[in-house]
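Build the complex from these two chains, which are given one at a time in their own frames, with help from the hints.
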Amino acid sequence: MTAVISERPDVRPVADPADPTAHLSDADIENIGKELDALREQVIASRGERDAAYIRRVIEAQRKLELGSRAVLLFSLFPPAWLAGTAGLSIAKILENMEIGHNIMHGQWDWMRDPKIHSTTWEWDNVSPSDQWKHSHNQIHHTYTNVIGKDNDLGYGIMRVSSDQKWYPFYLGQPLWNFVNACFFEFGIAAYDLELGKNLQAGRRDDPDFRRRAKQVLRKIRRQATKDYVVHPLLSGPSALHTLTANFTANLVRNLWTHSVIMCGHFPYGVDTFERSSIVGETRGQWYLRQMLGSANISGSPFMHLMTGNLSHQIEHHLFPDLPSNRYGEIAPKVRDLFERYQLNYVTGPLPKQVASAWRKIFLLSLPNNAVEQVERAIDGFPPAKLLRGLFNRVRPA
Amino acid sequence: MAVLTGPTRGAFASLRARAARIAEFVTTPVLPSDYLDMISPLRASADLRGRIEEIHPETSDAVTLVIRPGGGWRGHVPGQYVRIGVDVDGVRQWRAYSLTSRADSTDGRISVTVKAMPDGVVSNYLVRRARPDTLIQLDQAKGDFTLPSPRPGKALFLTAGSGITPVMGMLRNAVTELDDVVVVHSAPRSSDVIFGGELRQLAATRQIRLVERHTDVEGMLDLAELDGIVADWAERETWACGPTGLLDAAEQRWSDAGVVDQLHTERFRPSVIVTGEGGQVTFSKTDTTVDADGATPLLDTGERAGVLMPSGCRMGICFGCVAPLRDGAVRDLRNGEITMAAPGDGVLIQTCVSAAAGTCDIEL
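Order-wise, the sequence lines are chains A and B. Just so we're aligned: 372 in my numbering is position 372 of the first sequence, and the numbers increase by one with no gaps anywhere. Just so we're aligned: 194 in my numbering is position 194 of the second sequence, and the numbers increase by one with no gaps anywhere.
Treat the hints as calculated values from the structure; they're not laboratory data. Treat the hints with care, as some may be off.
[Said to hold, decoys possible] To be clear about the criterion: a stretch of chain B counts as covered by chain A if any three or more of its residues have a C-beta under 8 Å from a C-beta of chain A, and this derived list gives those stretches:
hint: 1; segment: 29–43
hint: 2; segment: 89–101
[What the hints assert, rightly or not] No farther apart than 27 Å at their CA atoms in a straight line, the calculated lysine-lysine pairs in the DSS-like style are these:
hint: 3; chain 1: A; residue 1: LYS134; chain 2: B; residue 2: LYS285
hint: 4; chain 1: A; residue 1: LYS150; chain 2: B; residue 2: LYS285
hint: 5; chain 1: A; residue 1: LYS150; chain 2: A; residue 2: LYS198
hint: 6; chain 1: A; residue 1: LYS215; chain 2: A; residue 2: LYS198
hint: 7; chain 1: A; residue 1: LYS150; chain 2: A; residue 2: LYS166
hint: 8; chain 1: A; residue 1: LYS134; chain 2: A; residue 2: LYS116
hint: 9; chain 1: A; residue 1: LYS215; chain 2: A; residue 2: LYS134
hint: 10; chain 1: A; residue 1: LYS34; chain 2: A; residue 2: LYS334
hint: 11; chain 1: A; residue 1: LYS215; chain 2: A; residue 2: LYS116
hint: 12; chain 1: A; residue 1: LYS116; chain 2: B; residue 2: LYS142
hint: 13; chain 1: A; residue 1: LYS227; chain 2: A; residue 2: LYS134
hint: 14; chain 1: A; residue 1: LYS215; chain 2: B; residue 2: LYS285
hint: 15; chain 1: A; residue 1: LYS227; chain 2: A; residue 2: LYS116
hint: 16; chain 1: A; residue 1: LYS215; chain 2: A; residue 2: LYS150
hint: 17; chain 1: B; residue 1: LYS285; chain 2: A; residue 2: LYS116
Predicted model, so just to flag it, every value in this text is computed and none were measured. The beta-carbon is built from N, C-alpha and C at its ideal position, and this holds for glycine as well.
Just chain B, same shape as in the assembly (with noise of 0.2 Å):
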């Protein structure tokens, strides 16, 4: 097969960018891809879109979606999460969830595997309602809760509930690359256990230490407990993942031990400490404006007031709802951190995570 060379690559795509130039003129006011979109969703040039293939059931209440990802779809690192919009009672909600499958699997297909939380709109959609061949959005995947390169000589996983899902995709695909790993796990009983069977598996066969926590029977962890587990954990590298409870008590752990510079933390919900006076909210490019709380993420107040919101995770770690504050104050609603901006400043804040601290003018 003849090789493409530079200059003949160029032609070829400035010719496809003025075919597609032409295209438009044909389909005003739509665009050519509104009409593609129809036939082929999944194409590279289409926005980022994903096609469930096949939910497996993993607990009760868990399950595993195996996606089949649009040609733009660029690969990730195990650990990483995706987010994921869903049509739920015909509005479309984005969630982030961390990626289970192998980052090389031979069919292109990657998988997430959801817990249904109390409450919680979309994942007890994925869990208990969705059905394959169900037509989804993509974002490309991000998060730095990866493995490094080299790998650590000693690793520990901190888990509990679904915060075991990132720790199984770097397992999955990592752990002949690790040699000495701990994987303390807590769920209410064995059998909430999500990837109970291949976490026993990879024990019996020595690849992994694995404690599990039974909290109904056992109680919760208490870090006290740590050194009586794992001796050597603070010789460890570590992943954490799950409730905001965990999270707080490993840092602080960590850090009275002077070594939370080897503790990597992924978080599923924002912790709210304090909650502030809200103000007069203005979503300036929709000319919309309304009043809010101070416990009320602007996220939520702009959706309930109709502006389209972008939004992603709603806990504070993808960015996805990023928008810039044009004036006013905003409280972060995980620490109290007042942010501020005066005109022409466009400070950009994280809308789901943040409340009105006063009126604020939001650039939506």
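Bound conformation, chain A alone (with noise of 0.2 Å):
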């Protein structure tokens, strides 16, 4: 992805009035571009042994908590085990989703030439097929990440999360949007990934390529539900409505839970956009910038990067997303730094302000830009709101 970025001379943020950017120069922005690419290089350079065994460990961590989860909602008619299988089983499907497939699908960790481990063999538990996801997510979202008209998880082409983009009546109902898409996420992220919304169109539907792509997602809709709601419940006998309640938690929790870490990664405030036309020509530096304003981070503590499959560092994750995820962390103090140096703004925040924040974009963005003002001077007068942004503020660390 990023190789095909270094042909594009002279980028320019969208231009308005609070341009984050307008204090750099070319030559900062090219310094930024050097010292990120240093940056990587020292990470490559000392990949080994400890990386390899940090992703062999989660994984098997990850598979002996779904075996033992699994096991134990066989007796999910006793309440104290369904709860406990859930809950279980919710993590195994989360730590699987992030941390696991959606780094190995980022061929973050192809130079261990572990074919059982690898971008180009493995497959997620989630009903979007891992070549489509592939394609979507690793070419277009962080190649064009926040352009709009080309960075499709910008309102996953349902919703208005910036300012820029045109505002139609549909958006009034996107704060519902939002919450059906973030229960069925994994549905969402298929439709998403076979553009359902415009191949659906009349024309487009008999494409053979589209309908080859369909039933693949079909076939893997199948097996999944397969697996969770007929396998699963007839095994465990008795206690298989129980079962198969437990395993509807467990994609429902995990589905809510990631969309409510991608939704931190891009939505919340301080995060820019950009116009198509700004990426014209862009630069290797002018693409990092993009990614470093595009991005938005989520702080806490290890086990809450874990689950978050390190997106937490989402803007490390974009500057470097073939890096393996353990070393995220690692860096994320040098990225700062480099922020601070630059004067550029590190957004970031604990879960809940992050949620709160891109909820807030929603709400807000259904509206037109006219009317958001309005709104929202009238929130900031309303004294709970005062109240809760206090209260964010004190949590979020120095």
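Below, the structure written as structure tokens:
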């Protein structure tokens, strides 16, 4: 992905009065690129046994947790078993999708040359087939991050998440669309990898390539559903129904969690979006800069970082999508220092604050721009909102 | 014990296959074997692996690894090699090593003997850093550097350095079946001779005639001297293994004497003759395009570009790295030969000894 970028000179983020990069010269931007390239080389040069052991450990732990949880769920008739099994399975599914699946499919572990842990062979516990996800995610989203009209992740084609996006009455319902999308996020991802909205229009529906990919998705959905809603319940005998609800709950929890983490990556306040024209002839330094300004982190404990698949280090991930995820936290202080030296805004905050910030944007931008300001003023004048903000500011690390 | 008859065994097999399919519905998207690998990586149905159980030093820079192969191991013929995949600094590396164990060992273990090469990533790891209990990847034994049946009446083994390893595999298994054996082996000093004690013992008990050449003292063996060392060499079926220089000289000498069909060689490294002009290489399945020079094997080019390249001995003998060349031209680094393919041909090339000789498209 990154290799494509180097042939584009002269990019500017969307020219608006508060251009966060106005103080940077072209030389500054290219120096940022050089520093980040050097950081990348440092990590690549030191990749080794420790990293390989890390991902193998996570995979092994995830498999044991999933196996253990599913075993406990064979007795899900008993409420404690249902609770423990559902909690364990939820965590296992989250680990599988985030720290393991997402990152392996990014090629973060290809350097190990282990065919079992390789982007070309991995299939994940999600209804979107890995091939389709890799195309829409690795190629489109990571290359065109936050470019309006190019990056479909930006509102997933159903939402308006930047005031630079044009408003339509359809967006009035976007808080609801977003909630529904969160609950069934894996299906949202599959639909979006299929570009369902575009492809269901007349004339495109019969495209053989689309039909082939749609068939592939349906097959994957069938396998996934058979496993969670038929095979495992049947294995549970008298606990069948309870196992079914447990598996449904685990999928729901995984969907809500991953959706929240993904929202925090690009939607919170302080994250910039870019015009299509602005990336024409983008240099490597400018591509890096767009990734820096177009992503937001989540602060928290090591366990939190693991559960987000280290997408809590979204900025570092977007700068270096194919570096091993266990390294993002290690390089984060250096990246943050770079932001500070070039007076750029490193957007980060605890999960509740970032989720609230993203949701706030989704509510507000459901309205046309002229209405947004009025509502914003009204909300900010509302005492409970002040209280909440104070609370978030207090939990935010120094 | 009851013996399963044909139909019953067939019924069991189909039952097993059906059970395996059902198990896949339980574990999808991963396979049941992914879980079983955590518990029993050496079971017969798993990908072939082995566990290093013992490591014995042979010389200051060579060790013998005693390996317990997985249940799927099909045995070997003495003189053959096995490809071994080990994770060095987190990266899986495949190399081929000659088997030195008895083919009928009662404990089912196999052994290979590894000499640390200068800058050898895997050999240095195995000699200096590997520890017993390490799990490694294996492939089935391969190679035709073996003794024929019936055994030859007179045999000559011409070896140098670690080239003694396949020969030791043959001697340990078949020395009693060979009536007249001469081993001419070169090593820098007496202490560098791998299996020195065992070879000298075989010589002391008159099972072989051993000629050691200590090159630090006596200089490199010149095959012109061969008449003085083994007068009847041209009457002997000969197996030669060692550095390229020795093997090239042997091929020349045996051809000149008109007995090249009695010479069997095993090469450890490709000898690079011609370097070409290189070109743009596309790995079409992974959608990766890079520029390659004419001296770098496509295997290295692909690995550096992050393509999952099948690989093996990295010296052109094992064909573990073979991939279809869909389009373009490559040059064989050993002899300069050009191989060309047009779309649809799907010519298989060995990526470890082939370099780009123009634009090419590899199906990987």
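Find the hints from earlier in the document that the structure breaks and name them by number, from lowest to highest. none
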